[in-house]
Amino acid sequence: MGIWLEDPYTNEGRERFERALDFMRKAVKHPFIENILKLRKIRILELCGGTGIGGIALGKALSEKGVDVDLLITDLRASALEIAKRWSMDVLGKEARVKVLDAKEAYKLNERFDIILIYGLSIAHFSPWDFILVLCSVNDIVDDKGIFIIDQIDIRHSILMRLGYKEFVVERVDEDRAIISIHAGYDIIKGTAKRLYINLINKERVLMDVCYWGLAELASLVWLFFKEVDFIRMLGDRYFILAKGPRRKFTMKELKNSIPREVDLSL
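Following our numbering, the numbering of the sequence shown begins with 55 at its first residue and continues without gaps.
Calculated directly from the structure, the hints in this document are not laboratory data. Quantities reported herein were computed from a predicted structural model and do not represent experimental measurements. What you were told as hints is all true, and nothing was included just to trick you.
Computed list of lysine-lysine pairs in BS3-like fashion (alpha-carbon distance at most 25 Å, straight line):
id, residue 1, residue 2
1, Lys-220, Lys-257
2, Lys-148, Lys-80
3, Lys-114, Lys-199
4, Lys-303, Lys-281
5, Lys-119, Lys-139
6, Lys-307, Lys-153
7, Lys-281, Lys-162
8, Lys-199, Lys-119
9, Lys-153, Lys-114
10, Lys-199, Lys-92
Can you build the whole structure from these sequences, using the hints too?
Below you can see the structure in the form of structure tokens.
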């Protein structure tokens, strides 16, 4: 639908990439990441990667440190991943690997990664139940000395407490689109609001589940799966949550077999 412009070949998309690159240059100075810079090659997995803005920016920041990177970008949208392949070639000088994949199913990759990244405030698309499965999946494929990074704002503070929940929101207006969103319900069991996004120009509509996460509950859940958790403040309420030391206490099979019957996780 184009609610968020992520094509790096557009002016706004390029600005998003440059901002991501600034964030990543800051992130690679963190001790968690500095400890793995001695590796000859760093294997990066970006989940919910879209056009790869975050993963490619991280790859660029690491390459500036003299590190070779092997980047795999995953998303549910094949069209976005095609852009990621082109953009990675332009920025990194080599084409990233791409794969259409649900983040909850990342454990099926049967690879190990030194850094696993979720960039671009994507966690709002996951209910707490979904996110637990994402964490379990990540825990299974991150290297023993690897790092998990989440880019997220504190939605509760920056939106709900400052602005208040809005039944009707004008999301984006430009020459090609006029997008609004309307409250369409709340799922108490999943903890997600339903919002209907409508493009008034072409009548396209998408119903999305949105979870209004605070950083505290995100980080505390991550802590259940990783021994060490830290934070980097990027801009305002926007932070990177970094984690290392996978506990590997849960298995996907165990969790899948015990999902409450009232919870539909579309697995």
